[in-house]
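Novice: For reference, the chains in residue letters:
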Amino acid sequence: MAETGGYLPGALEAEAEKADTRNRWLLSLPAVIIIICFAAGPLLVMVLYSFLTPGDYGNVKWEFSLEGWMNTIVQRDIFDDTLMWADAHISIFWRSFSLSVITTVLTLIFGLPTAWFIATQPPGRRELWLFLVTVPFWSNLLVRTIAIQELIRNEGVINLVLLKLGVIDAPIQMMFTDFAIGFGMTYVYLPLMVLPIYAAVDKLDFRLVEAAHDLYASRWTAFRRVILPLIKPGIIAGSILVFIPSLGAYVTPRVLGGGKNLMFGNLIELQFGAGRNWPLGAALSLMLMTAVMIALIYYVRVTSRDRADG
Amino acid sequence: MVDTAPTTTPAEQRAAKRHPGRAPKGYSMRTLPGFSVIALFTMIVLYAPIMILVIYSFNEGTSLAIWEGFSLRWYRQAAANEAVQDAAIRSLYLAFIASSIGTVAATMAALATTRTRRFPGKTMIYALINQPLMVPEIVTAVALLIVFATIKVWTGHTSMIYLIVAHTAFCIPFAYLPIRARLETMDMSLETAARDLYASPWLTFRKVTLPLMWPGIVAGLMLAFVISLDTVVITEFVKSAGQETLPTYMLGQLRRVVTPEVNAISTVILAAGAILVALFFRLTQRKG
Numbered sequence: 001m002a003e004t005g006g007y008l009p010g011a012l013e014a015e016a017e018k019a020d021t022r023n024r025w026l027l028s029l030p031a032v033i034i035i036i037c038f039a040a041g042p043l044l045v046m047v048l049y050s051f052l053t054p055g056d057y058g059n060v061k062w063e064f065s066l067e068g069w070m071n072t073i074v075q076r077d078i079f080d081d082t083l084m085w086a087d088a089h090i091s092i093f094w095r096s097f098s099l100s101v102i103t104t105v106l107t108l109i110f111g112l113p114t115a116w117f118i119a120t121q122p123p124g125r126r127e128l129w130l131f132l133v134t135v136p137f138w139s140n141l142l143v144r145t146i147a148i149q150e151l152i153r154n155e156g157v158i159n160l161v162l163l164k165l166g167v168i169d170a171p172i173q174m175m176f177t178d179f180a181i182g183f184g185m186t187y188v189y190l191p192l193m194v195l196p197i198y199a200a201v202d203k204l205d206f207r208l209v210e211a212a213h214d215l216y217a218s219r220w221t222a223f224r225r226v227i228l229p230l231i232k233p234g235i236i237a238g239s240i241l242v243f244i245p246s247l248g249a250y251v252t253p254r255v256l257g258g259g260k261n262l263m264f265g266n267l268i269e270l271q272f273g274a275g276r277n278w279p280l281g282a283a284l285s286l287m288l289m290t291a292v293m294i295a296l297i298y299y300v301r302v303t304s305r306d307r308a309d310g
Numbered sequence: 001m002v003d004t005a006p007t008t009t010p011a012e013q014r015a016a017k018r019h020p021g022r023a024p025k026g027y028s029m030r031t032l033p034g035f036s037v038i039a040l041f042t043m044i045v046l047y048a049p050i051m052i053l054v055i056y057s058f059n060e061g062t063s064l065a066i067w068e069g070f071s072l073r074w075y076r077q078a079a080a081n082e083a084v085q086d087a088a089i090r091s092l093y094l095a096f097i098a099s100s101i102g103t104v105a106a107t108m109a110a111l112a113t114t115r116t117r118r119f120p121g122k123t124m125i126y127a128l129i130n131q132p133l134m135v136p137e138i139v140t141a142v143a144l145l146i147v148f149a150t151i152k153v154w155t156g157h158t159s160m161i162y163l164i165v166a167h168t169a170f171c172i173p174f175a176y177l178p179i180r181a182r183l184e185t186m187d188m189s190l191e192t193a194a195r196d197l198y199a200s201p202w203l204t205f206r207k208v209t210l211p212l213m214w215p216g217i218v219a220g221l222m223l224a225f226v227i228s229l230d231t232v233v234i235t236e237f238v239k240s241a242g243q244e245t246l247p248t249y250m251l252g253q254l255r256r257v258v259t260p261e262v263n264a265i266s267t268v269i270l271a272a273g274a275i276l277v278a279l280f281f282r283l284t285q286r287k288g
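Protein chains in written order, with this note's numbering: chain A, 1 to 310; chain B, 1 to 288.
Don't read these hints as lab results, they were simulated from the structure. A hint or two may mislead.
[Said to hold, decoys possible] Calculated lysine to any residue pairs in the SDA-like style (CA-CA distance at most 25 Å, straight line): (1) A:K203 - A:R301; (2) A:K61 - B:V153; (3) A:K203 - B:P33; (4) A:K232 - A:L108; (5) A:K203 - B:M124; (6) A:K18 - B:L111; (7) A:K232 - A:W129; (8) A:K260 - B:G252; (9) A:K260 - A:P245; (10) A:K18 - B:T116; (11) B:K207 - B:V153; (12) A:K18 - B:W202; (13) A:K18 - B:S200; (14) A:K164 - B:I52; (15) A:K18 - B:M188.
[Stated by the list, open to error] Reference listing, derived: stretches of chain A covered by chain B, where coverage requires no fewer than 3 residues with Cβ under 8 Å from a Cβ of chain B: (16) 17-25; (17) 287-296.
[As the list claims (entries may be wrong)] Some residues of chain A that are not near chain B, with every Cβ distance over 12 Å (derived): (18) Y49; (19) E63; (20) I73; (21) R76; (22) F79; (23) H89; (24) V167; (25) W220.
All figures in this text were calculated on a predicted structure; none of them were measured in a lab. Even glycine gets a Cβ: it sits at the ideal position worked out from N, Cα and C.
Given only the sequences and the hints, what does the whole structure look like? Please build it.
Specialist: Structure below.
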């Protein structure tokens, strides 16, 4: 008895732990199954599809092929089968990347002062400002895009005002341009930049800034040498949070960019519609997903380092 | 929001108390030149387009150019439009079912993955639940199109079930986050007390855990509902013929001439969303 007395509780504990683990898995099972079947699993099927041959009327033929992946960056000449760069695709990748960078920079230019302004408000008012920034973010993305369309289309508010004031004689064509996409994305993703920078400024120890001032730093020097390095993790986090959805944007470029100014997401859609090249569409989707994953991993590393420091 | 370091001296704090809202006397590094101007400009730009859209949805005329007087004409026209009615009912039905199932699944998963030691697979469950958030919506939509197109061809079955399961999967992470956040603020002491008083596990859950986590569940449900109502890309790719939801209907309309009818529908969606989000904030910010 004395021997087992020390032994049994340990075994029982291990047994109980096992049962606890099992119960927790069972409890998670509905969510896990739904997501595996209708979110994560289909991504694996897509990997398979990217290695098949396009069917004549969409869908695929079950024959192995690397064409899908190759077609992402090169195309075959229809006459003599020589390979050449798929210029159309490369220009779309470039537009996606550059517009995402521009969107990120613009949201930073407007978002940083906004975050700073909110974080330096008296506590009672801070919540209200924060709420005001968050509300548009939670409102329907399509509706916000439509609102931008009403602003910039040829019969839109901006052109009307400029015409009335006599600044212009004919409406400026803003819809269906890269400008429209960049403007729209800046508008819809701005809150994503404000919130992480706000969190960083909120944590900022203002005594350090005052110390810089006491040591005769100008405002600009103090901002550049003290404030900026301290809120850098927030700026990086916000930048990635804006960059990721910009890169994968679909609705905003579709509505504001029209049929010519495609971005990555619209190029993918094209392969499942008029393009009738599902393997290419699958390969492009996986490329986009990889790009986003790299950005996300970077984001996690930056934010966890920040947490470890703070 | 925890203030770890006092950012002002006691003298400044006293001054701030006497003159709330006024900057402390003398030099302050808290205001940077031009920042407030840019911030206020940004706030105006954030709301102006929405405001214009809302105002013009009440315009009697068709053009943005002329204000022809207040009227509910476009709302009446939208409400009488059978395609709009149909899409609105489908959107609500879909959001209701998907957010309900999603919230139940998310609640169970949140109970399993919070307030516990690291058990084998915990990280995996967490990663899986958050997976839909980490992939661009267009990628999820296309992957679902591939799988569902094949199933639709095999079975010939084209009911709403595809949209329901797709929306449910997409809703789960959004429902999960507020529920998990709520659970993490609750320690086990009340539940332990109930157990010590011979309450069965089920009774403890029903009488102690569930009432305590209820605000989190309601918040999760509302968030999931809003997300389902807003989701357009996944719906666009998964829907079968004749299964328009309100967002996909509007997206289709935009290809043609924009009429103020779209503005009216947009305003209704905005209002519904704003109410739900305001309630969500109230539920998640009140403590205890």
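Novice: Confirm or reject each hint.
Specialist: Hint check results:
no. : hint            : in the structure
1   : A:K203 - A:R301 : holds, 19 Å
2   : A:K61 - B:V153  : holds, 14 Å
3   : A:K203 - B:P33  : holds, 21 Å
4   : A:K232 - A:L108 : holds, 12 Å
5   : A:K203 - B:M124 : violated, 32 Å
6   : A:K18 - B:L111  : holds, 17 Å
7   : A:K232 - A:W129 : holds, 22 Å
8   : A:K260 - B:G252 : holds, 17 Å
9   : A:K260 - A:P245 : holds, 21 Å
10  : A:K18 - B:T116  : holds, 13 Å
11  : B:K207 - B:V153 : violated, 48 Å
12  : A:K18 - B:W202  : holds, 20 Å
13  : A:K18 - B:S200  : holds, 21 Å
14  : A:K164 - B:I52  : holds, 17 Å
15  : A:K18 - B:M188  : holds, 20 Å
16  : 17-25           : holds (count 6)
17  : 287-296         : holds (count 5)
18  : Y49             : violated, 6 Å
19  : E63             : holds, 16 Å
20  : I73             : holds, 19 Å
21  : R76             : holds, 24 Å
22  : F79             : holds, 31 Å
23  : H89             : holds, 16 Å
24  : V167            : holds, 16 Å
25  : W220            : violated, 9 Å
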